[in-house]
Amino acid sequence: MATKPIATTRSATTIPTGRLAIWWVLASEVVIFGGLLASYIMHRLGHPEFGDYASHTNTYIGAVNTFVLLTSSYFAVRAHNEAEHGRGKAAAKWLYLTCLGAVMFLCIKSFEWHHEISEGFTITKNAFWSFYYLAAGLHACHVIGGGIIMLIIAEDAKKNKELQRVELIGIYWHFVDVVWIFLFPLLYIAK
Amino acid sequence: MIEHYIEQASTYAADIDGLVLLVGLLVGFWFVLIEVIFFGLIVSFRKREGVKAQYISGEEKHEKRWIAVPHELVLLCDVVIIIAAVRVWVDVKQTLPPAQATVRVIAQQWAWSFVHPGPDNQLDTADDIKTVDELHVKIGTTYHFKLEARDVLHSFSVPVFRLKQDAIPGRVITGWFKATRLGIHDIQCTEICGIGHALMPARIYIQSEADYVAWETAHAPPPTATASLGN
Amino acid sequence: MAQPVPEHADSNDAHGHDAHDAHGHHEQSFWSKYVFSVDHKMIAMQYMFTGMAMGIIGGFFSYVFRMQMAFPGHSIPFFGVVTPNEYNMLITNHGTIMIFWLAMPVLVAAFGNFLIPLMLGCDDMVFPRINRLSYQIFLLSAIVLIGSWFVEGGGFGGAWTSYPPLSAKSQYNLTSWGSTLWVIAVGLEFVAFLLGGINFVTTAMNSRAPGMRMFDIPIVVWMIVLASMLFMGSVGPLLAGAVMLAFDQQLGTGFFDPVRGGDPILWQHLFWFFGHPEVYVVLLPAVGIVAEIITVFSRKKLFAYKTVLYTAFGTGVLSFFVWAHHQFIAGIDPRMANVFTATTVLISIPIAEMMFVYVATLYGGSITLTTPMLWALAFIAEFIIGGVTGIFLGASGSDIYFHDTYFVLAHFHYTFVPIAVIAVYAGFTFWFPKMFGKMMNETLGKIHFWGTVLPFNGIFIPLFVTGMAGDHRRIHNYKNFPELTTPMHEMWREVATISLLVLIAFQFVFFANLIWSLRKGKAAGNNPWQANTLEWVAPSPPPHGNFAELPNCYRGPYEYSVPNREKDYWPQNEPA
Numbered sequence: 003m004a005t006k007p008i009a010t011t012r013s014a015t016t017i018p019t020g021r022l023a024i025w026w027v028l029a030s031e032v033v034i035f036g037g038l039l040a041s042y043i044m045h046r047l048g049h050p051e052f053g054d055y056a057s058h059t060n061t062y063i064g065a066v067n068t069f070v071l072l073t074s075s076y077f078a079v080r081a082h083n084e085a086e087h088g089r090g091k092a093a094a095k096w097l098y099l100t101c102l103g104a105v106m107f108l109c110i111k112s113f114e115w116h117h118e119i120s121e122g123f124t125i126t127k128n129a130f131w132s133f134y135y136l137a138a139g140l141h142a143c144h145v146i147g148g149g150i151i152m153l154i155i156a157e158d159a160k161k162n163k164e165l166q167r168v169e170l171i172g173i174y175w176h177f178v179d180v181v182w183i184f185l186f187p188l189l190y191i192a193k
Numbered sequence: 582m583i584e585h586y587i588e589q590a591s592t593y594a595a596d597i598d599g600l601v602l603l604v605g606l607l608v609g610f611w612f613v614l615i616e617v618i619f620f621g622l623i624v625s626f627r628k629r630e631g632v633k634a635q636y637i638s639g640e641e642k643h644e645k646r647w648i649a650v651p652h653e654l655v656l657l658c659d660v661v662i663i664i665a666a667v668r669v670w671v672d673v674k675q676t677l678p679p680a681q682a683t684v685r686v687i688a689q690q691w692a693w694s695f696v697h698p699g700p701d702n703q704l705d706t707a708d709d710i711k712t713v714d715e716l717h718v719k720i721g722t723t724y725h726f727k728l729e730a731r732d733v734l735h736s737f738s739v740p741v742f743r744l745k746q747d748a749i750p751g752r753v754i755t756g757w758f759k760a761t762r763l764g765i766h767d768i769q770c771t772e773i774c775g776i777g778h779a780l781m782p783a784r785i786y787i788q789s790e791a792d793y794v795a796w797e798t799a800h801a802p803p804p805t806a807t808a809s810l811g812n
Numbered sequence: 019m020a021q022p023v024p025e026h027a028d029s030n031d032a033h034g035h036d037a038h039d040a041h042g043h044h045e046q047s048f049w050s051k052y053v054f055s056v057d058h059k060m061i062a063m064q065y066m067f068t069g070m071a072m073g074i075i076g077g078f079f080s081y082v083f084r085m086q087m088a089f090p091g092h093s094i095p096f097f098g099v100v101t102p103n104e105y106n107m108l109i110t111n112h113g114t115i116m117i118f119w120l121a122m123p124v125l126v127a128a129f130g131n132f133l134i135p136l137m138l139g140c141d142d143m144v145f146p147r148i149n150r151l152s153y154q155i156f157l158l159s160a161i162v163l164i165g166s167w168f169v170e171g172g173g174f175g176g177a178w179t180s181y182p183p184l185s186a187k188s189q190y191n192l193t194s195w196g197s198t199l200w201v202i203a204v205g206l207e208f209v210a211f212l213l214g215g216i217n218f219v220t221t222a223m224n225s226r227a228p229g230m231r232m233f234d235i236p237i238v239v240w241m242i243v244l245a246s247m248l249f250m251g252s253v254g255p256l257l258a259g260a261v262m263l264a265f266d267q268q269l270g271t272g273f274f275d276p277v278r279g280g281d282p283i284l285w286q287h288l289f290w291f292f293g294h295p296e297v298y299v300v301l302l303p304a305v306g307i308v309a310e311i312i313t314v315f316s317r318k319k320l321f322a323y324k325t326v327l328y329t330a331f332g333t334g335v336l337s338f339f340v341w342a343h344h345q346f347i348a349g350i351d352p353r354m355a356n357v358f359t360a361t362t363v364l365i366s367i368p369i370a371e372m373m374f375v376y377v378a379t380l381y382g383g384s385i386t387l388t389t390p391m392l393w394a395l396a397f398i399a400e401f402i403i404g405g406v407t408g409i410f411l412g413a414s415g416s417d418i419y420f421h422d423t424y425f426v427l428a429h430f431h432y433t434f435v436p437i438a439v440i441a442v443y444a445g446f447t448f449w450f451p452k453m454f455g456k457m458m459n460e461t462l463g464k465i466h467f468w469g470t471v472l473p474f475n476g477i478f479i480p481l482f483v484t485g486m487a488g489d490h491r492r493i494h495n496y497k498n499f500p501e502l503t504t505p506m507h508e509m510w511r512e513v514a515t516i517s518l519l520v521l522i523a524f525q526f527v528f529f530a531n532l533i534w535s536l537r538k539g540k541a542a543g544n545n546p547w548q549a550n551t552l553e554w555v556a557p558s559p560p561p562h563g564n565f566a567e568l569p570n571c572y573r574g575p576y577e578y579s580v581p582n583r584e585k586d587y588w589p590q591n592e593p594a
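Quick note, the sequences are listed as chains A, B and C, same order. Per my numbering, the very first residue in the first sequence carries number 3; after that it's consecutive. Per my numbering, the very first residue in the second sequence carries number 582; after that it's consecutive. Per my numbering, the very first residue in the third sequence carries number 19; after that it's consecutive.
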């Protein structure tokens, strides 16, 4: 279907529907990650030995990845700025850079996990590592999914099409960032 | 209401049944009232030739009162029920009267094992009596039970006591009961535990002091040299 | 704001030229019209019929296990002898299907998809392709669930609540693949409904007809939107939990394994934190459907519309604070139970208030007992039984006895059957003319109604009795329990089963009615019920794009029998 329903273009709340939708998606994601992290925190409070287990995570790599993600979020903001001014090609360029950040994040994480697994810190090692891989893995899935969608939106943006979606994927990307901002202290810093 | 079907054989069974009766009376009253009004309105306001329906928004104060007043009365009933429920709950689940005897109850796929304290009335001594699917208790004695599960969740249920407690692997959960009537009754597992969930019935034997001692004597493990020395 | 809103969609413009022109006269292939449709009405039908088909399977399962209950050990016609593991698989999947693959798709997705754009005066949902995707994921989830019954080891049998360690380790449940496929199916279903919710909420918030204020929105739309929000706010932790369970099952992690430092009770909290709001997720749309019907067939304005909304909100918010009443004796800190008993008993208040308001709507009405009205009224009468019996369970002291007995089962069937069966039939018979352009047969409708509602009581009142008399749940055969094999117990079990057989028999009347009506039903016209809401403005059935001209809204949805007007109804789209 090439044409949109009229419904899509109405705005009784004066908020664009796309933005309403993305906030809705984020709200559901917050509850998913919130539930997972709350379970982790409850476990941690009941199991002081988690502190020992967590000492084997690499805080330095975690910090680098945090910087990478934050930088990529900055690129997403630049992309939105370009889109606001109708400069689709420039917006696409910044989106590609954001994706590059995502790829870097994933590469660093692969390296990190490869190293940890080869040291015997697998998902079944103990409950801490189970949560570690699950939470970071779920986050990584969202990075991958978000990156793919971002590429699709960049393709359209290059042709100056659907520029309002640049803001929306940016909002999603900031969320992915925020989840990491929670994961980093919980998995890397609290030892 | 329950006592009509299952006798009361513990000190708190009557309290639980009493709570059920209280709830039954209160909700029963509202239930009958609403249903009568409901069916009455359907009959009274059937479509009649030439009679138009009324236009009532329900937003006027005098209209809202028809909802507000019952609403407040329901709230009152709820508060009464909550207080009554908490009292029963605190008695059964939060207070632990001093134990006159303790038994260990172990649930597994698919049987119950019980460890009775034996003549020395101490658990984990050589004269403990271990049984499978049979729990013997003395009437009028306050028991603590230490509930364990070996594999999955189970649940220790004695309907005549009105007692129920889930058993969790990795934990020991303590509860209490005091039997008030002699008899032999069902023990159920009331948490689905696999394909044998229906195949782990047990029986509780509530016995007089004399009968219990007789059973104990007949089933006590043979004394060993070290045990008699230790005593 | 990025892109200016196109001129022709200016909110003051009532002319839907775009809707008409854009969808003009292009012929759609079978595949794009029926299989890959992005039209909300077709997607609604897909959800409706998939849900009903799953409901038939779930109903068949209940036939088998109820026959086993009444005639234990016998060979059941169309099934054979029921082994313990088959029994557990049947009860598990019956519950799972009825909640996730019948109630949710039909009440939330089918009625939501069909009604929301129409009642709001739109041409479709805001994101038609996401809508289609949500159905596709839902269909996949149903296929995965069905597949779980045919893998080695058979279907999962750890109850719809799936408590670990039983559900987490195949050495205990003996259904290694069945358990994991079950978890995956449920997880996929959650994702489908999260996606679907995007459309319900954004369309309702943003795409209303020009002039439709918040309190002009029909109650059923509000209810489905609230239900979506409730779902979204509660399912996340369980979705995380489902992944954790699947990992425990297949990867050997120990999230819920006490031996590995995990906690089985964590699963229970995650499950019920969702599980309790979930029952309101399905209740609210049912209650919304009832509101639409009783106003039309009593020709009366809904009593205290705002109160209905506030009680719905109140129930929704409170529903997040009651969950541990499912866990009173599960081994939680006993002091917590007191908090949850208070919240649980108090949640009866907004719901009672909602029922009072519905009853009050009947006062002063001009009531016609059409088939939809009979169903809507039956909802109220029967749901009240479910509601009051819940108090016995919310009161912690009495729950000690009732937990895991058939009393619980009878209670929740007195809430779920009105929700998933009675309200569904109410909505279906009410909107059938709009959906298919034909009127249903009233005589067959009434026969089906009585043949369903009366036996329904015959099934579950006996189960209140056997529950009080000690019958515990999920037991395939009571023969080992002398106190439960009395003639009284056996008689009531048989009465319940025979009532179910009667109920099932009468469902054939519904199918006969369905087929008859589709072929020979009277042409419905746009507004056979003389109702006010905007879906009755569109043709029956509505074409692609719904309305020749997108309507404006001039008043609330329940302006019936307004004084000094000739007609006893006043459609929302009629200018003053």
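One or more hints might be untrue.
Here are the computed distance ranges between Cβ atoms for each label pair [claimed, not checked]: (1) B/L606 - C/G476: 47 to 55 Å; (2) B/A595 - C/L519: 22 to 30 Å; (3) C/S93 - B/T755: 43 to 51 Å; (4) C/N475 - B/E588: 51 to 59 Å; (5) B/T755 - A/G48: 36 to 44 Å; (6) A/I119 - C/M232: 32 to 40 Å; (7) B/V661 - C/L472: 43 to 51 Å; (8) C/F54 - B/V660: 29 to 37 Å; (9) B/T798 - C/M354: 38 to 46 Å.
BS3-like mimics (lysine-lysine), calculated; alpha carbons at most 30 Å apart, straight line [what the hints assert, rightly or not]: (10) B/K633 - C/K324; (11) C/K497 - B/K628; (12) B/K633 - C/K585.
Calculated directly from the structure, the hints in this document are not laboratory data. Don't be surprised by glycine CBs; every beta carbon is placed ideally from N, CA and C.
Numbers of unmet hints, in rising order: 1, 2, 4, 5, 6, 7, 8, 11
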